[in-house]
Amino acid sequence: MKVGVVTFPGSLDDGDARRAVTLAGGEAVALWHADADLRGVDAVVLPGGFSYGDYLRCGAIARFAPVMSEVVRAAEGGMPVLGICNGFQVLCESHLLPGALVRNDHQKFVCTDQRLRVEQTGTAWTSSFTAGQEITIPLKNGEGGFVADAATLDRLEGEGRVVFRYLDGNPNGSLRDIAGISNERGNVVGLMPHPEHAVEELFGPGLDGLGLFTSVLSAGLGAIA
Amino acid sequence: MSTALDTVTRAADTPDHPQPWKDLGLKADEYERIREILDRRPTGAELAMYSVMWSEHCSYKSSKVHLRTFGDHVTEAMQEHLMVGIGENAGVVDIGQGWAVTFKVESHNHPSYIEPYQGAATGVGGIIRDIMAMGARPIAVMDSLRFGAIDHPDTARVVPGVVSGVGGYGNCIGLPNIGGEVVFDPTYQGNPLVNALCVGALKHEDLHLANARGVGNLVVLFGARTGGDGIGGVSVLASETFDATGPSKRPAVQVGDPFQEKVLIECCLELFHAGLVEGIQDLGGAGLSCATSELASAGDGGMLIHLDRVPLRDPSLSPEEILMSESQERMMAVVTPANVEAFLAVTAKWDVEAAVLGEVTDGEHLVVQWHGETVVDVPPRTVAHDGPVYQRPYARPESQDALQADTPDRLPRPGTDEELRATLLRMAGSPNLSSRAWVTDQYDRYVMGGTALATPDDAGVVRVDEETNLGVALSLDGNGRFTRLDPRTGAALSLAEAYRNVAAAGARPLAVTDCLNFGSPEDPGVMWQFAEAVQGLAVACEELGVPVTGGNVSLYNQTGDDGLNSAVLPTPVIGVLGVLDDVRRRTPSGWREAGQSVFLLGTTRDELGGSEWAWAEHGHLGGLPPALDLQHEKLLADVLVQCSRDGLVDAAHDLSDGGLAQALTESVLRYGVGVRVGLDELLDRDGIDAFTALFSESAGRAIVSVPREEEVRFTDMCTARGLAHLRIGVTDTGDDGQASLDVQGRFSVPVAELREAHAATLPRHFG
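Chains Z and U are the protein sequences, given in the same order.
Residue numbers for the first sequence, in the numbering used here: 58 to 282.
Residue numbers for the second sequence, in the numbering used here: 16 to 782.
Honestly, the hints are just simulated from the structure, not real lab data.
Every value quoted in this text rests on a predicted model; they were computed, and no experiment measured them.
In this text, a Cβ means the ideal position worked out from N, Cα and C, and glycines have one as well.
Heads up, none of these hints are tricks.
Per the computed footprint, the stretches of chain U lying under chain Z, defined by three or more beta-carbons under 8 Å from a beta-carbon of chain Z, are:
{"no.": "1", "region": "273-283"}
{"no.": "2", "region": "449-458"}
{"no.": "3", "region": "465-473"}
Just chain U, same shape as in the assembly (with noise of 0.2 Å):
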C-alpha cells in the first residue's frame, strides 16, 4: 500500500483531502450531508458504505416518495393474512394450518446485459437468499424475461445467455421453476429485463427477522469467500487509495456458486431448526456494507466488526472493497455467544465456511475495524435508511395525446375467413405468443417432487405440506405495451391478468409482488408513468383486496438520451400468490376429454389498442389499451375458484395476449385435443364480428371447459353470481384422431399444422 490507511483519526485530522465521491455515483449535496452527519469527512471506507447505500438501487431515492402510496392503500382486511409486509427481506403471508410462505421478485437487468449468463444466475440467486432470510426453505422459482426484437444479432447473444443461466442456477441449486414470461420488443434491445421471484414455505413459529439485538451477541459471516466481484464504482475509490500494483479494475457482474448455496440452503434451514440464530440477513447488492447497516439500524444501533477477520478470495483487498464486495453466496447471522460453538459445528458440517467477525455494542455507532485501526464509526441508520429521498420533477408528456390517439382503428384487418385462419397462424407462431418450450424445457421442473402445475399452464402450482397437499399458486405477468398507452391501466391490467391467472389455476389471490422496470428518473415522462403506474396498481390492489408485500424497483432501463424513446416500455411486473387447500383439485389449463362443453366467460369488445395483433401483424402501438373492471375481475375470479372446489370444470385458461384465438391453441396444444367452435351466439350477444371475436384483448375474460354431468350446475352457478358466460363450443378429438380447432362454418386448422406454427419459432431462432 502506497498511502496510509484511512482511518476516522486521519479523516478528522485531514478535512480537506479530496474525495472521488463524483465518481462514486454521489452528488455535491449528498457528499456534503455525509460530512454533516459525521461532522467532519468520511474516511474512504465510509465513503464507499454511502455512496453504495444511497445508490439508486439500494436507498429507492427517486421513487421513495411514489412508493409510499402503497401504504396508503392498504387496509385491515387486506393485512389479515399479511405476517410480515413490505420493509423486510420479503413478505411472509399466512396460508392456514400453520403454514407461511415469503415470496418476492427482483431484478438483475443490468448485469444481464453485460454478462447474460452470470447475470441472470446471480439474479436467480440472490433473490433466493432473500427467501432464505426469512427463515424459509425455498420452494420455487419463475423467472420473468424481456429481450429486444426476436431477429436482432446482439438477442441471439442475450437470449441463450440468460436463459442458461436461469436454468443453470436453478437447476443445479434444485428448485423447480415453475413459470414466468418472455417478450420480445425492440425498446428492451439494449436493456433486456430479466426478473426473477423465489417463494419460500416456513411454519410460523420458524420466521426470522434481520436485526441484531442483544449487547454481546456475536456477529457471524458464513459461506462463500469474500473476492472482488461486483464491486462496481468502488474499483475507483480503490485506485485512488492504492498504487498501481494493488487491485484495480474489478469485473462488476458478481460471479455465482449454484453448488455453494445449495449447501447454504441446508445449513441455514439446519441452523434455524436447531434454534441458533438471533437475527440473519443475507449479503446481496452493496455486500457487508449493507448487511452490517442494516442489521444494526433493525436491532439496537451498535455494532463493532473486524473487518480484517472476514475470508478472503483475494487476500490483496482493501478494507473499502471488502465493504463493497457483492460475492455470491454470503449470510450474516447474530448469535448467542452460548450457541456460536453449536452454530460452528453445524456450518462445520456442511463444509461452509464461517467466520465470527464481531458483536453487538452498547450505544448507536456501528464500528468497523481493520487490524484495530478504526475505519468506519457511523450510525447505522444513517447508512441504511437516511438516504436522500428525491421529489423528481414528472410531467405527463405531450406525446401521449398523439400516442393515444392513434388507435388500431385504421389498421386493415383479415376480412375473409381464410385471412382469420392465416392470421390466427401467423399469431400462433409470433415472438411474444410462440411457444416458450425451448426456454422452459431447459428448467427442471420436477425436482423436489411437489410441482403440481408449470409452464405453459396459467400458474405455477406447488404443494408446501405434503400431508395435507395444502399449496400455492404465483403467476408473473407484466404489459409494457397497455402500461406505455396508460401507465395507470395498464400496471392495473397486468396485476388483474396474474390475479386471473392464479385463480384459474384454481387458488384464491393473497398477496402481490411486483418488479417495477422503467427507465431514467430524471427524464420527467418517465417519472409520470412510474407515479402513474404505482397509484394504479395501488389502487388495483385495494380494490382486490391483496396487498403488495414486497419487490423492487429497476431505473435507468434506458440507452441513450432521446426521452422516452430510449426508455424500455414501462414494465411493471407483477407476481400474485394464491393458495389452494388441496393441490390436488388445481385446474390445468389444457382439455384432456372430448365431449366436454366450452364456456367463455365474461364480455368481448373491440379493444385491439396495444394488442398482440396490433403489434405483430403491423407494428403498430396506440390508442388506449382494453378497459378493466375490477368487481367483474373479482367475480370471475371467484367464480373460478369455485369452480375447482366443487369440480365443475376440467380445465381453465385465462384470455390475455392475442384474445381467444390464441388461449383456444393453447388449450388444444396442451394435449392435442381439439375443438369446435361456434361464434355465431357470441357475435350477436357483443355485437362484434369474427376477427374481433378472436384477437380483441378485452380484460376479464376465461375459457373453461365443462364436463357433460356438471354444466346444469356450472352455468347455474354463473348465472347466480350474475356472470356473463356463452357455451361457444366443444373439445373434440376428430375423427381417425385427427384433432383440429375447427371454428365453425369459417375455417378448420389441424392440430399437427398448429403445433407446428407455434413450436417452430424460438428453435429456428435460438437453435
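Excised from the complex, chain Z in its bound form (with noise of 0.2 Å):
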C-alpha cells in the first residue's frame, strides 16, 4: 500500500513521516507541493513542520499548493488523509476539518512527551487502538490551541468526531482538551501531537505512534481484500 507524504516548502517532518510509513509495513511515497498529482498513492500524510514559513497564518498558504486541490478532491472521495501539527493546521485552513489551531494559551512553544486518550478507533488511522487506550507521544507546537464555536465542538463530541485527547494537563489551551479530531466519514483526521516520532525504540518515547500508520495500512488491506 501506498502512502503518500506531502512536501511543502518548510516542511520538516516529512522525513520522520515517511519513516513511521515505511516502519509499519507501508510504502512512503514523496508528494511535492508544486505537483497536482497524487501518483497513485492509496493515502496521504500532511506533516509538521512551518509550511511557507507559517507567515500569514499557520497552513493557510499551503492550502493554496497545487498538491491541495488534489488531495481535497481525493479526500472528499473518500481517501485516508492525517494532518499532523502543520498538516492539521492545513487541513483546517482547506475546510476539510473543523475549527481552527491558535497560539498556545501561555504563549510559549512546547516540546514534551504527551500522555492521550485514543478516543475514537473508527477512523482510518485509529483502528488498530483499543478505545480509550492510553499513549504517549511528543507534542511540539507554538500554535497548538485547538478552538471552534461550542455548536461545533458539541457537535464534535457528539458524533465520536474527537478521536484524542490530552490527559495530564492541558499543554496549548485547546478547548476540551481536545488534540485530534475527525471529518464525518472518518477518513481525515488532524492531531496536534507528532505520532511519527514515537515509531522506533531510543529514537522517541516509546512506539505507541506507530498505530497511526499500522491503522490505515489494514485499512488499505482491507479495502483490497
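Both chains are given apart, each in its own frame, so use the hints to dock them into the complex.
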C-alpha cells in the first residue's frame, strides 16, 4: 500500500512521516507541493513543520498549493488523509476539518512527551488502537490550541469525532482538551501531537505512534481484500 | 546622491579627501597601512571592506598570536581523524564508514543583549550556514547561554527573548536542539553570552571548500535579498558619502528568516548532490566583503564582481552598504559556465533567488564594479588575511593572589544531617542547578527522528546513518568561575567536563570546538586570562588526544572600565564531539530500574573553590579550582566507553557542578526511580566528611548504575584498569512506589519533594 507524504517548502517532519510509514510496513511516496499529482497513492499524510514559514497564518498558504486541490478531491472521495501538527492546521484551513489552531495559551512553544487518550477507534487512522487506550507521543508546537464555536464542539463530541484527547494537563489551551479530530466519514484525521516521532525504540518516547500508520495500512488491506 | 561615486580613479585623484576611518573603528596606523597596500587612499567601498574585515571579530587581531598555540600542540595522532582543521568554515572529522561530521560553536553575544530574540535567532542561523558551507546536512544544534543574576529585572527581558529566539529559529528550520547549558552570574548582566553550536553530516565525497578557482568560473549569490540590516558602523560611512535623504542609521542587529534558511539548506544539498558547486561560502559577519575576499584569496586570487547585480530588498542602498550588509540566509557559490543553467534551475525549483555577480579572473585582484565603474580594486589576501596582528600586553593581575588565597575553608558548612538535607534541596533549586526544562521544553528535540539522547542527559546523541546507526555525541560545557580562579586549569576543566560527558554517553571523544568569551583585550589582566586559558586548553587537548577543529573568539564582553571587575567571567565554552558506532548502545543518565548497584568512579577530595555550593550558598568565589589529572580523565572515559560497548551499565552520569548530591538528584528525577546511598565506606576511603562527599566538585568522577548480573564483570574491569570504584548504593522504587533519595543514616528526600524543589525555579522567575 502506498502512502504519500507531501513536502511543502518549510515542511520539517516529512522524512519522519515517510520513515514511520515504512516502519509500519507501507510504501512511502514523496509528494511535492507544486505538483497537482498524487502519484497513485492510497493515502496521504500532511506532515509537521512550518509550511511557507507559517507566514500570514499557519497552513493558510499551504492550502493553495497545487497538490492540495488533489488532496481535497481525494479526501472527499474517501481517501484516508492524516494531518499532523502543521498538517492539521492545513486541513483546517482547507475546510476538510472544522475549527482552527491558535497560539498556545501560555504563549510559548512547547516540546514534551504527551499523554493522550484515543477516544475514537472507528477512523481510518485509529483502528489499531483499543477504545480508551492511553498513549504517549511527542507534542511540539507554538500554535496548537484547538478552537471552534460551542455548536461545532458539541457536534464533534456528539458525532464521536473527537479522536484524541490530552491527559495529565492541557499543554496548549485546546478547548475541551481536544488533541485530534476527524471528519464525518472518519477518513480525514488531524492531530497536533506527532505520532511519527514515536515509532522506533530509543528514538522517541516509545512505539505508541505506530498505531496510526498500521491502522491505515490494515484499512487499505481490508479494502483490497 | 549628493556626491560623486567614490571610484578608484577618483580616490587616486583626491589623495587628501578626508575619510571616516576612525568612526569605522580603524586605528591611524591601520588606515596608513591600507594606504600603503593600495599605494593610494582607499575608496569608500574599500575602506568599508577593510574596516570590517580588520575588525576584532573578523581578523582575530588580538587573539591570533595566542591561537597559534593550538597548532603547536597538535600531534600526528590527533590529526588521524581530521579531514579539515582550523581555518575553514568549520572543522571536518572522519567518523568512519565513509561518513564525516563537521561542527562548530560560535558566539552572538552582543546582538543578543541589544535585541535578544533576533540576536539569538541569527546566531543559530549563522552557525548553521557555516556547516552547510562544508557540504554537510545540518543534523542538530546546541546552545550555551549565560545571563546576569536570575532575579535582576533585565534578566527577565533577556532570557525569554534569547530562549524564544534560539527556539524560534531552530524549531522552524527543523533541527533538533540536543543540549547545552544555561548559567546565571552577575558578571553577564550587561554581557549575556549566546553561543550556538551546529553539527552536520556528510559523506566523504561531498566535502566542499570555500575557494574560487578556475578562470572563467562564475560567482553566484543566492538566497535572501540584500537589505540594510546588520550594517553597523558602516552607516557612518554611508552618512559621510550621502546626504540626509539617503539611508542612514541602519539597525545593527540582523533579522532572521528561518523559513528562508530551511529552503536554502534543501536547495544547497540538491546543488551539492548534483555536482553543480565548485566552491561555496556562507555570508555571515561582514557579508559580501568577507565572502568575496575569502573566496578569492583561498582560490586563484582574481575575481570580478558586478555589485549592481545584487538583488536588493532596499534599492536605495549604496555600494558600501551592499558590501557590508549582514542580511541573513545568503550563500555564494562558484559554478562552472557549463553548470550555471542547471544550477539556476535548482534554485528556481526551491524559489530561491540567485544572481550571477561575476567571475573568477586572471590576476590577483578582487575588482568590484558599480554600474561599470570600479569602486574596489584590492589584493583580496590583504583584506581577508593580512589584517593587523597585535601583541597585546598581558600580565597576571595583582589581585589574583588575594583571590586564590580567599579559600572557601572559612565558609560555614552544614553540620547536622538536617542541614545537609536542607542544603541539598536548596542547591537542587538554585539558579544554576535547577531544572532547565523551562528552557529546553521550548526546543524541538525530536525533529529528524534521529535523537537518541538530549538534555537533561549528559550529552546529546544523534544518529548519522539510519542503516548502521552510526552516530555522534556532543557536549558543550564551560566553567567561568573555575577559569576566573585559575584560567589555565579552569579552561582545561571545562574541556575535561565536556570530554567526560561525551564518554558518559558511551561515545569515543574525537574532536573539539571552542568559543572563547572574554572581556576587553585592551586590559592586560583579561589578556592574561585569555593567554593562560588558551595554553591550558591546547596542552589539555594534546594530552587527551582531541584536536581543536575550529571555533570562535568573542572579546569585549565587558561593560565599564573597572578592569577585571567589569569583564565577564573568563568563559571558554568547549564542545566535544564523540562517535558511537551504534547509537542504540548510548548510555542515558537516569535510572529506570530498581535493584541496580550504583557505583561512584574516581576519588573525592575537599575541593570547593569556585564550587556551586560556595557560590549559591555564600556568594563566594575564591581559592583554587579542583585539581585536574588528565591521565585519570582518559582512563575514566575509556572505562565509560567500554561499559557502553559491552553493555555493563544501564546509566552513567558525570559529576560536575553541585557534586555527588546534584548528580544523584538528576539521576533520580530523570525517571523517578529513587536510590539508597551509603556514604560510610566512601568517607573512610577518601578521608572526607559527608558534606564534602556530597558537594565537593572534584574532577574525574561519574556515577553508574550496574545491573546485578554485570556487577562482577564491571568491578573486575575497573580493578584491572586501576580505576577507583566504590559501590555507594542501590536504585530503589521504594515501598508503595514512594521513591526517595535516601542517604542512609542521615536523611531522606521523597522524589516528589525533590522534583518540586528542582523544577520550580525557572518558571518562578520567567513565567
